[in-house]
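Take these sequences, add in the hints, and give me the full structure.
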Amino acid sequence: MSARVSLLLDRHAGIAVLLGLPVFSGAMIIADAVFLPDRFYASLPRLGRRTARRLGVRLPRPRGEAGAGSVPPQARPEAPGLKVR
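Taken in order, the sequence shown gives residues 1 to 85; the numbers are from full-length UniProt numbering.
These aren't lab readings, by the way, just hints derived from the structure by calculation.
Remember, predicted model here, so these are calculated numbers, not experimental data.
Incorrect hints may have been included.
Stated by the list, open to error - Per label pair, the in silico range of CB-to-CB distance:
#1 LEU55 with ARG76: 40 to 50 angstroms
#2 ALA75 with SER2: 27 to 37 angstroms
#3 LEU59 with PHE35: 28 to 38 angstroms
#4 LEU59 with PRO37: 21 to 31 angstroms
#5 GLN74 with LEU36: 18 to 28 angstroms
#6 GLY48 with VAL17: 40 to 50 angstroms
#7 ALA13 with LEU55: 15 to 25 angstroms
#8 ASP38 with ALA75: 18 to 28 angstroms
#9 PRO77 with GLY14: 34 to 44 angstroms
#10 ARG50 with LEU8: 17 to 27 angstroms
#11 ARG49 with ALA3: 20 to 30 angstroms
#12 ALA52 with LEU18: 24 to 34 angstroms
Using N, Cα and C, we set each Cβ at its ideal position, and we do this for glycine too.
Okay, structure coming up:
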């Protein structure tokens with residue numbers, strides 16, 4: 001997973017430096033972030049804590065981790081012609 005993200009960032013950084021298009025490259029990095037899987041975003045807090053620990057930065061203790069139960073269930077959209085029981 002991190003190899004794909006690294007390849008994505010390296011490619012756009014190369015475009016920014018070699019072609020002199022930093023604004024375009026930055027916009028494309030942000031646009032490509034839409035296609036990253038949900039598990040990447042779910043792993044960001046853990047990655048941040050691990051990086052902070054390696055750098056020796058003290059972080060406050062987390063009050064509680066967001067789990068699957070933290071998001072309320074979403075209503076399903078009704079399709080035309082379908083009856084919901």
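* Looking at the structure, which of the earlier hints fail to hold? -> 6
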